[in-house]
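One-letter residues, chain by chain:
There are 2 protein chains.
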Amino acid sequence: MNANPKFIAAAAHVDEAAVQPLPASRKVYVQGSRADLRVPMREISQSDTPASFGAEKNPPIWVYDCSGPYTDPAAKIDIRSGLAPLREKWIEERGDTDRLSGPSSRYGQERLADSKLAELRFNLKRDPRRAKAGANVSQMHYARKGIITPEMEFVSIRENLRRAEYLESLLATGPMGKRLHELMGRQHPGESFGASIPKEVTPEFVRSEVARGRAIIPNNVNHPESEPMAIGRNFLVKINANIGNSAIGSSIAEEVDKMTWAIRWGGDTVMDLSTGKHIHETREWIVRNSPVPIGTVPIYQALEKVDGKAEELTWEIFRDTLIEQAEQGVDYFTIHAGVRLPYIPMTANRMTGIVSRGGSIMAKWCLSHHKESFLYDHFEDICEIMKAYDVAFSLGDGLRPGSIYDANDEAQLSELKTLGELTTLAWKHDVQVMIEGPGHVPMQLIKENMELELEACHEAPFYTLGPLTTDIAPGYDHITSGIGAAQIGWYGTAMLCYVTPKEHLGLPDKDDVKDGIITYKIAAHAADLAKGHPGAQIRDNALSKARFEFRWDDQFNLGLDPDKAKLFHDETLPQEGAKLA
Amino acid sequence: MNANPKFIAAAAHVDEAAVQPLPASRKVYVQGSRADLRVPMREISQSDTPASFGAEKNPPIWVYDCSGPYTDPAAKIDIRSGLAPLREKWIEERGDTDRLSGPSSRYGQERLADSKLAELRFNLKRDPRRAKAGANVSQMHYARKGIITPEMEFVSIRENLRRAEYLESLLATGPMGKRLHELMGRQHPGESFGASIPKEVTPEFVRSEVARGRAIIPNNVNHPESEPMAIGRNFLVKINANIGNSAIGSSIAEEVDKMTWAIRWGGDTVMDLSTGKHIHETREWIVRNSPVPIGTVPIYQALEKVDGKAEELTWEIFRDTLIEQAEQGVDYFTIHAGVRLPYIPMTANRMTGIVSRGGSIMAKWCLSHHKESFLYDHFEDICEIMKAYDVAFSLGDGLRPGSIYDANDEAQLSELKTLGELTTLAWKHDVQVMIEGPGHVPMQLIKENMELELEACHEAPFYTLGPLTTDIAPGYDHITSGIGAAQIGWYGTAMLCYVTPKEHLGLPDKDDVKDGIITYKIAAHAADLAKGHPGAQIRDNALSKARFEFRWDDQFNLGLDPDKAKLFHDETLPQEGAKLA
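Order-wise, the sequence lines are chains V and F.
Mapped onto this note's numbering, the consecutive letters of the first sequence carry residue numbers 1 to 581.
Mapped onto this note's numbering, the consecutive letters of the second sequence carry residue numbers 1 to 581.
What the hints contain is simulated information worked out from the structure, not anything from laboratory work.
Bear in mind the structure is a predicted one, so any value in this text is a computation, not a measurement.
Think of the CB as a built atom: it goes at the ideal place given N, C-alpha and C, for glycine as much as any other residue.
Possibly wrong hints are sitting among the right ones.
Stated by the list, open to error - Taking lysine-lysine and the BS3-like style, the derived pairs with C-alpha atoms no more than 30 Å apart in a straight line are:
#1 K27/F - K510/F
#2 K125/V - K27/V
#3 K564/F - K510/V
#4 K199/V - K447/F
#5 K364/V - K199/F
#6 K364/V - K277/V
#7 K564/F - K564/V
#8 K57/F - K178/V
#9 K132/F - K145/F
#10 K447/F - K447/V
#11 K57/F - K364/V
#12 K510/F - K510/V
#13 K371/F - K428/F
#14 K447/V - K199/F
#15 K57/V - K364/F
#16 K510/F - K564/V
What the hints assert, rightly or not - If the Cβ cut is set under 10 Å, some of the chain V residues that face chain F in the computed set are:
#17 A55
#18 K57
#19 E372
#20 S403
#21 Y405
#22 G475
#23 I479
#24 G484
#25 A523
#26 N541
#27 G559
#28 K564
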């Protein structure tokens, strides 16, 4: 594991496993109101129903696709060039940003000037972009001005998944069309706990949700490669995958591979939590090649800059780090500004103290200076940076419980209230916000977390890690937490941060990333079904019909992981005949 | 997979992987009121807290242990002899059974007389036992007469897990004892949805729960090797593992290995769903070597006896099968007596029809004869057999939904009401009953299943398969269903039937069995925590403390799967130093 071959930019290549189309699938693009607004979906084709079951046609279904151009055979993928900047023109047209003449952060300039890094640096041929003086380039700002951006329209098309067209297509399959339409379209009424999901998502609905802060569209003007997506309670539940190297493990190439692997299986956003050397360069490679929003925890890098000594952190170093990362195109920042000095003593009687890395860095800083957190004190200064690039806040839960014992305690809930205050402050600046949540929570206390968040944070999207519903299964925390994630997603959490089997034990490899992703896709989809998200049941219905009719390949292909389903089946019944029987 | 070596009784041997004690664990026995009443638990020892965290002693904790003598190095395991008949004397003392002069079923006699089977037959040296004429040997019968059996006392000790002694032991650890006592003993209040779990389980409490039918202790008088356990809403949530060969896969040896593997990881009961040849002999090997109750679905074997032609089934063949299996020692029978003729047309508009194998066998029989089910018509005759051996009913949900689409439909709920009627009938005979439940159910409909079951079936224990909360993840149905299992366990289900990753795709192998078991142990424990089961949080607290203090080995050993936790950790940080750091 320490035997990473040296990473050389000139030799970088895409993970071949990430660029194969999924079985029986093809990438389709749904055209929006302008020629350059093309929304990707995955079309899964199906075979006909066998004669003994009625010989029906089974039209293809469309599913949400996070994999970007990677699974499109028509796309030329060269990770040395990065993805095409599909939003470039939209950003340009708004006329509220300027091209800088290079990075404006001190650190960004230093790294660019360091010739030792030339060999591994991504060859970015464009300069960063920033809002013109006095301008605010956040999607929330536009939304509040009543502007429907191409990003909002993109999201609306994406969320609808061509469900209306699909159901329509069933009617046209012949004499059985009406029955098929009923069969595929039927869905159990949901229990949405106050969410109000429209039957059809319009661009105006997206705008209004963003305007009132109930959804965010994280897309930095310096990440024009990203395909817009929304995180909000009235949209499909999303999932995030964490990747990132450490001082002892993995390389730039491995992290890029993990990103492309994560999005292949359905990661809606990716957080780069790298802490080793070359954080800056690793991030550049990831952002340039990522079609999904990228989040980071800037304090991790700031800490590296002071050699790991939390007490030496300063606002200036942190500020420079924010600008550095904003100009690379990071779409959301986890900022632990709710870890306030008076809350730290509340953790003294905990079982597991402060387990959030960002939280413990800030707690250490506050205690050693006996001062209020500079993140809290400079919160509006941070907002000024965020709105100049459209970086969204992910307000970190630095005091989240690290054990069942510590769940829903005073420290956690005090911080949550502060996150609510900060939300109001960020919204004053039209900066997009989501709120991070726990952690380790037994099932009977999960609902309280969601209710308190909605109330304290004025319905800003909740973004939770798990929660893990028990502490007794190291090695299986994707499952202890998947149970909690499904529930909190049902109650209203907008995005679920995955947990892999390696949680608490080590860094995830590609297999762990996939296990985490699939588990969380299950949780998110189970939540969509339970909320009664319109059309969520279509895929379940299609797969169940395939199962009932012994269309084995269709059953595999409609599932979240066709490869594993087929493998498992073939272990017992390898003959082709058995799949058609 | 078809290359099974021929099974020879004389050469049969235990799976070596099943007889190793778990790391840092030893088998202890808690003495009851009589010398031969010794209740097994697993004691997990812990290292001291490192000096930097306070150098405390961490007393051992006791956990529930389903593995029987296998993990006891003092036990001599020879699967050719079977386990010691620890309940033999208790049964004998009651004086209400007779030894028969051999099997009384026709089929049992035929198999015994078949010399071709000699080579693979388990060499059972004792004759079956049956209630004396007019006697009723069910635990429910004793309970209703006010008798506390040794089985009930065993259960009470087992359920308490020495929690009081453990908490007491903390006080004695020295100056920090009081704090440690508070830390380990603290637990969040539960939400029990009407369960009433006592702080300490007394033998009288067990008796009263069995008497009113709210719990069962499945232990056939012909399975004296079994260690008594209870299934009921006011006890710890239990899990069942399904094993069983088919015409095309696995051998007797593999199935015995799966059983010993399943109980090692925490299977509370095991169902033998074998359908291939040698069903009778396979079952004998499993029962003789199982310390946990064994369940079966007798209709599967009855069908084999009529060469798979459902319409040729008769009450006489089925009756003979019940007696055959009861005399082997099967502890509970799944009987699909609720699949009544009038309900079958209700499945016509389903997505996936009747997916229960037992349900579809009976539906076929009913339709081909256009007659009411012989299981329903002969239900009281079945009760007479059950009470003569103390076999418990697991009233099968033959009309359970096989897809999200079919969840909670008329067919399913009609059958449930009939299961309630049959429960009343069985209770008239003092026969123990649990009720099987679905299946495939989206989260928002799970609670309704539990509530309807409690009402219709008068609080008889609910025993559910999953439920699977979405259909879209073949290959991961342990997870789609673990999410549902945790929830329904929380709401009041007494036993969760595991689902393995191979569900819908093929027969589980040993790895799948373990994945299914661990997932369901997580679900059951998460449910215990959420219900507020007294003391359930001790293990979470102990593990979290070990985690916080970087006692890596203790963290692994306190978990459900120490082997995997250690392996995952060592992949990233293999050095011994990293485990103590």
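Report the numbers of all earlier hints that the structure fails to satisfy, in ascending order. Violated: hints 5, 8, 17, 18 and 19.
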